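Keeping their order, the protein sequence lines are chains A and B. Residue numbering for the first sequence is 1 to 286, as defined by our numbering. Residue numbering for the second sequence is 1 to 131, as defined by our numbering.
Please note that the accuracy of each hint is not assured.
[Claimed, not checked] Sample of chain B residues facing chain A (criterion: CB under 8 angstroms; computed from the structure):
hint, residue
1, 37
2, 120
3, 124
Source of the hints: derived by calculation from the structure; they are not laboratory data. Fair warning: this is a prediction, and the values are worked out from it, not measured in the lab. Here a beta-carbon is modelled for each residue, glycine too, at the ideal position from N, C-alpha and C.
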Amino acid sequence: MKIPYYPGCTLKTTAKNFEDTTLAISNVLGIELIELPRWNCCGTVYSLASDDLMHQLAPIRNLIRVQEMGYNNVTTLCSMCYNTLEQANQLVKGDPEKLEKMNSFMDQEEDYTGEVTVVHYLTLLQKEIGFENLPVKVPLTGLTVVPYYGCLLLRPEEISIDNPEKPTIMAELLTVLGADVADHPYKLECCGSYHTVNYKDVVCEKTYNILNSARKRGAEAVVLSCPLCEFNLDVRQKDLKKELAPMPILYFSQLLALSLGLDDSLEFDQHYVNPEPLLKEKGLLR
Amino acid sequence: MIPKIAEDTTLLEKVEELSGEKVYSCHKCGKCSAGCPIGAAMDLRPHQVIEFIQANDWNVLNSRTIWLCASCFQCAVRCPKDVDLTKVMEALRLLILREDADQVEICTLTREDLEQLPPIALVSNFRKSTG
Chain A
1 MKIPYYPGCT LKTTAKNFED TTLAISNVLG IELIELPRWN CCGTVYSLAS
51 DDLMHQLAPI RNLIRVQEMG YNNVTTLCSM CYNTLEQANQ LVKGDPEKLE
101 KMNSFMDQEE DYTGEVTVVH YLTLLQKEIG FENLPVKVPL TGLTVVPYYG
151 CLLLRPEEIS IDNPEKPTIM AELLTVLGAD VADHPYKLEC CGSYHTVNYK
201 DVVCEKTYNI LNSARKRGAE AVVLSCPLCE FNLDVRQKDL KKELAPMPIL
251 YFSQLLALSL GLDDSLEFDQ HYVNPEPLLK EKGLLR
Chain B
1 MIPKIAEDTT LLEKVEELSG EKVYSCHKCG KCSAGCPIGA AMDLRPHQVI
51 EFIQANDWNV LNSRTIWLCA SCFQCAVRCP KDVDLTKVME ALRLLILRED
101 ADQVEICTLT REDLEQLPPI ALVSNFRKST G
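Just chain A, with the same shape it has in the complex:
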């Protein structure tokens, strides 16, 4: 299958490993990701004010790019991009007056008709490929992981990729890959998000609580889908005031690539806590 792909800024920089592993997986699974031409930053956060249409233009402009390509769906990896694109999309789908105003403001663009659907890559794997059909070559036997969903894949409810209070999508995927999946009470709890810029202590407190809880439930690694959560849970470990044994943080795509035998696509140099020793100890990586 072919599907337009919106990468977003961070997938080209601090989360290049997330993009590269996903491209490698897609290649094996027969998913052709077509990167949007001339995509722009989505704004990263959905604008919540009723009178602020200016900040809805960036996400909608990207959906116009999809429309120009002749498609009615687009996939993305970053939780923040997914959330911003889909919330803006639902806003204009439900409010023709606002859509008309934005279309007339963007008079150099073709009108957005509100017919594009934003699909997170996890949903694409679940619905279009089916987790049970994944050609697993290297089962993740003996590796205990916990999924960490954070906020923006699940909330608000209208854009949730799963049950917003009891999600199972990542656990289902990881179970199919052969990992032992533990549950933990902090899987939905915000990591502190952008406070990592100017309230670092708040984020460190969250990081400690989330990872400590995961550790108590037996986790050897935490699996997620958001490059900002990744930064806060991984890189902020060096700033913790309380002692905590290093916890590897992995994108779901990295474990999927590993289990599909795509070792060559894995890049661990962008991690603060290197997951390689753990994966070697488990016999999953040469």
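With chain A's structure known, arrange chain B on it following the hints.
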């Protein structure tokens, strides 16, 4: 700070206009405060912010809480009265940001921060903390 706009309107009216939420629907069950992941660091708990608005008390704008709210939508998902407190918090922030009172100065960030922080961290922070 109390914005200039306070001379022409009430806090309740302005917040309801900007957020599109009915603040008086809140019946103070406290679920928002119970579930807030950053509540422990706040000077006012989320449900207390609502009480300030109901009382038209502009001093709520001096609270750390409105800047500590990270728009995680946990309160919005759990509210039994469908008051989206995430939008209410955004409205309060905008009352300050629209009077040109930025909360973060980019020039004070260290080179190390700028080099290692993901673009989404910086962009979202500036979107929420500057006007």
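Each hint tested on the structure:
1. 37: For residue 37/B, the interface hint holds, since the closest Cβ of chain A sits about 4 angstroms away, which is under 8 angstroms.
2. 120: Hint holds; residue 120/B Cβ to chain A Cβ min 5 angstroms, cut 8 angstroms.
3. 124: 4 angstroms, holds
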